[in-house]
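Dock chain to chain to rebuild the complex, using the hints, since each chain is given by itself in its own frame.
Residue numbers (the working numbering), protein chains in the order written: chain A, 1 to 366; chain B, 367 to 475.
Be aware that one or more of the hints could be misleading.
As the list claims (entries may be wrong) - Heads up, simulated DSSO-like pairs for lysine-lysine below, C-alpha to C-alpha not over 27 Å straight-line:
#1 B:LYS432 to A:LYS2
#2 A:LYS158 to A:LYS131
#3 B:LYS409 to B:LYS398
#4 A:LYS123 to B:LYS374
#5 A:LYS334 to A:LYS323
#6 A:LYS106 to A:LYS123
#7 A:LYS43 to A:LYS2
#8 A:LYS106 to A:LYS131
#9 A:LYS323 to A:LYS210
#10 A:LYS106 to A:LYS334
#11 A:LYS43 to A:LYS323
#12 A:LYS324 to A:LYS334
#13 B:LYS432 to B:LYS374
#14 B:LYS374 to B:LYS398
#15 A:LYS334 to A:LYS43
#16 B:LYS374 to B:LYS390
#17 A:LYS43 to B:LYS432
#18 A:LYS2 to B:LYS374
#19 B:LYS374 to B:LYS409
#20 B:LYS390 to A:LYS123
#21 B:LYS432 to B:LYS409
#22 A:LYS2 to B:LYS409
#23 A:LYS2 to B:LYS398
#24 B:LYS432 to A:LYS123
#25 B:LYS390 to A:LYS2
#26 B:LYS409 to B:LYS390
#27 A:LYS324 to A:LYS43
What the hints contain is simulated information worked out from the structure, not anything from laboratory work.
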Amino acid sequence: MKFVDEYRDRETVDRIAGEIRRVVTQPWTIMEICGGQTHTILKSGLQDLLPPEITLVHGPGCPVCVTPVELIDKAVAIAARPGTILCSFGDMLRVPGSSRSLFDAKADGGDVRIVYSPVDAVKLARANPDKQVVFFAVGFETTAPANAMSVWQAAHQKLENYSILVAHVLVPPAIEAILSARNCRVQAFLAPGHVCTVAGFEQYEPLARKYNVPIVVTGFEPVDLLEGVWMAVAQLEAGRAEVENQYSRAVARQGNRPAQALVAELFEVSNRQWRGIGEIPASGLRLREPYRRFDAEERFALTAPGAAESPDCISGLVLQGLKKPYECAAFGTKCTPERPLGAPMVSSEGACAAYYLYGRHEKGRD
Amino acid sequence: MCLAVPGKIVEVIEDPEPAFRRGKVDFSGVRKDVSLAFTPEAKVGDYVLVHVGFALNVVDEEEAQKIFEHLDQIAAFEEMETDPSVPGETGEPIDVSPPDRERTEEEVP
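This is chain B alone, in the form it adopts within the complex (with noise of 0.2 Å):
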């Protein structure tokens, strides 16, 4: 019931009364009418998550890209660990905690 799927905002039709502001978005070739009500910031070219023909957000690409970027980090501290021809690097802990994310208020240094 609470799905949203992602989009790309191919045309914003602006309206005087911003609870009307709504655009054409693009899924996988598919296209349809999606008010942006609730996305005053939305452009052509954002990708907006999109729950019963409302999009409620704007998908932040940099931090879609954290998880792969952290796998590989790790990955690479590993090949690292188990290759003798690095030299200084063998024995180096290894960060295999979780990949850094927002926490609670009192956490965010």
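The following block holds chain A by itself, in its conformation from the complex (with noise of 0.2 Å):
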């Protein structure tokens, strides 16, 4: 496939590193965001091809992770309703709540079901009438158009039994919350090039000036992710901190317009609390009013008492960049894909699933 072979071609990758080795003078830690980011760091190895000099840190850019475990209590709650189809992304399916999944609440009998799109849940929606539709609306500022798009649909056609359950959280908040943290030890930031598509980068430049911290905006695809690291490096050895943006093929500075026009007449933001940080000011989206009525929490008047997480799981931690996967004492026997006590080891895209597939499982392997 055009754009993506080239950007997996091993002679590039190779060369790219080999640039980084010349240029790396002394230790660096960078983070990369996003948890499409990491997988393929930890898929390709990117890891081993680095000099030593050189450490990745892994963020909080999962939105499987990071959606508070409130929400999953809510949605289990929504799933468990008799004339309620709950509609979810595939991934979110086994993320423990406080004592059940919407896997669990599935095999109880509750009406679950994965959609490609929240489109196809408003869809779902038209076709049964008499039912409730609720789409788990998590996700970062890439996917904040479609779920716009899914409540503008449904009031354009006037579907008053359709509603989103939101868990929307922006990535600029959670960067300077990580920044402002005392023992924060992140020097550069790989930014998350699907987030800055949709949302541009000119929101990271006043980061970048009061953390000098260099931002560089970055692909997917294992060149992108070690172009975007030397481009990280030639800033840190040059004492610069600046926002770059190596994903040029899909980035502008100013993002798409026409999807940031449509969040904003949806969306407002809000505070939101982060599974395993806690809530960070101004760092979600809630719809306004004029759609409030689509908002699943006010149109089912949940509550969630008691959400509690597993004691043994550290993911706040690991999602900080603050500990590795396999600094945890419960990593790979008390808590696996099969059976995860924290979120990060149920997407594909967390920090523990990658570390744990592929055989990251101690120190001097990462």
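As structure tokens, then:
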């Protein structure tokens, strides 16, 4: 496939790795935000190609991982309601709630369906006028336009049996939360390419200035990731701290304006809880007042009392780049992809699952 | 979750309502209906990045080539430096910085 195969070319990857070795003179710690990038790094063994000076740590950019346990509990509660269809992206189903996952709810007879796109859930609402259809709207900036469009279509078609359970989060406030932590060890960021395809990268410029960190907007293939590291290292070695765009074939500085306009019409910025991290101010989205009637939390007056995490899970530290997955006592023993204690072991984009899957079970192998 | 896959537009289906503009997109032989609501400029033959059924942008083919051209330039410089049969070039500094990319607004000349 064009725009994929050439970015997986081994020889090109080796040449860039050689350039990184040539430019690096001292240790640097770089964080990639996006779980999709984490997955490529582990799957392709990119860490083995980098010089020992470069440490890659993995950020909180996995929506499956950071959706708060309260919202999982609420999704499970919706799925248990008679006459209700709960639609979700597939990787949310195994995420553990306080006591149950959506898979458990399905096994108990709940109508839980996996959809490819939120507009498929709108179609389901149109085809089932006697049922309430709820879409579990998780995601970052990349997914917000599609979720906004689903509500816009439902409003346009006067579908009063469609609603969304909103768990939308934003990347720049998460970067700021990581940078302002006292024990932050991240010296440069690879910003998530597809988030920036939608949102652009103007918002990252004040962060690069304020915290004096290079931020490189980076794509998802091995060549993209190594070029992003190369650009970040070149900045670090030269003492620069700018926003640069490695993924220029897919990202413009201003982002996708039509998509932003629809998101702004439907959503407003709100505080959000991040699983494992806590509340981050102005770090998420919720439906605006004219569309609030499509908010499943309001429609079903949901509460989730006693939301609780496994005491053995250290995923908050992993998501902030403070611990590696193998430093958790439960990793690979009490916690596996088949029986996850925490969300990062669920999604293949979660750091714990990626480490488990690709055999990074101990220090020295990362 | 944020993965988007490039595919080639083989047909555009216009709609009086721009929010319903869509197209057929080919992913290595697999064709899918994709919303083109957010890419009003997309036309047949363009490659678009598709995420959960929506095209997020048209891939910029010129930008896509930059890394490969830049690595070739570096290789050419190095060959000149190590090949004594190219007089005058020996000892020239090699540009080993990453390819020139868009920077923050203040940095763009």
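Structure-based check of all given hints:
In summary, the hint linking LYS432 (chain B) to LYS2 (chain A) is supported, as the alpha carbons are separated by about 15 Å, within the 27 Å threshold. With a C-alpha separation of about 15 Å, the suggested pairing of LYS158 (chain A) with LYS131 (chain A) holds against the 27 Å cut-off. About 16 Å separates the Cα atoms of LYS409 (chain B) and LYS398 (chain B), which keeps this hinted pair within 27 Å; it holds. With a C-alpha separation of about 25 Å, the suggested pairing of LYS123 (chain A) with LYS374 (chain B) holds against the 27 Å cut-off.
Taken as a hint, the LYS334 (chain A) and LYS323 (chain A) pair is honoured in the structure, with Cα atoms around 18 Å apart against an allowance of 27 Å. Distance hint between LYS106 (chain A) and LYS123 (chain A) is fulfilled; the C-alpha atoms sit about 21 Å from each other, no more than 27 Å. Our distance criterion of 27 Å between C-alpha atoms is met by LYS43 (chain A) and LYS2 (chain A), whose separation comes to about 21 Å. As the CA atoms of LYS106 (chain A) and LYS131 (chain A) are separated by approximately 17 Å, the hinted pair is consistent with the 27 Å bound.
Of the pairs offered as hints, the one joining LYS323 (chain A) and LYS210 (chain A) holds, with about 25 Å between alpha carbons and a cut-off of 27 Å not exceeded. For the suggested pair LYS106 (chain A) and LYS334 (chain A), the alpha carbons sit about 24 Å apart, so the restraint of at most 27 Å is met. Between LYS43 (chain A) and LYS323 (chain A) the alpha-carbon distance is near 20 Å, which keeps this suggested pair within the 27 Å criterion. Proposed proximity of LYS324 (chain A) and LYS334 (chain A) is supported: the alpha carbons are some 16 Å apart, at most 27 Å.
For the proposed pair LYS432 (chain B) and LYS374 (chain B), the alpha carbon gap of about 21 Å is at most 27 Å, so the pair holds. Straight-line distance between C-alpha atoms of LYS374 (chain B) and LYS398 (chain B) comes to about 10 Å, which keeps the hinted pair within the 27 Å bound. Annotation: proposed proximity of LYS334 (chain A) to LYS43 (chain A) holds, straight-line Cα distance about 23 Å (limit 27 Å). Only pairs whose Cα atoms come within 27 Å are accepted, and LYS374 (chain B) paired with LYS390 (chain B) is accepted, the gap being roughly 8 Å.
Simply put, LYS43 (chain A) and LYS432 (chain B) have alpha-carbon atoms about 25 Å apart, close enough for the 27 Å limit, and the pair holds. As the CA atoms of LYS2 (chain A) and LYS374 (chain B) are separated by approximately 9 Å, the hinted pair is consistent with the 27 Å bound. Of the supplied pair hints, the one linking LYS374 (chain B) and LYS409 (chain B) holds, its CA atoms being roughly 10 Å apart against a limit of 27 Å. With a CA separation close to 19 Å, the supplied pair LYS390 (chain B) and LYS123 (chain A) stays within the 27 Å bound.
For the hint linking LYS432 (chain B) to LYS409 (chain B), the alpha-carbon distance of about 23 Å falls within 27 Å, and the restraint holds. For the hint linking LYS2 (chain A) to LYS409 (chain B), the alpha-carbon distance of about 17 Å falls within 27 Å, and the restraint holds. Distance hint between LYS2 (chain A) and LYS398 (chain B) is fulfilled; the C-alpha atoms sit about 17 Å from each other, no more than 27 Å. The suggested pairing of LYS432 (chain B) with LYS123 (chain A) is violated, with an alpha-carbon distance near 42 Å, which exceeds 27 Å.
With a CA separation close to 17 Å, the supplied pair LYS390 (chain B) and LYS2 (chain A) stays within the 27 Å bound. Proposed proximity of LYS409 (chain B) and LYS390 (chain B) is supported: the alpha carbons are some 11 Å apart, at most 27 Å. Among the hinted pairs, LYS324 (chain A) with LYS43 (chain A) is consistent with the structure: their alpha-carbon atoms are about 16 Å apart, no more than 27 Å.
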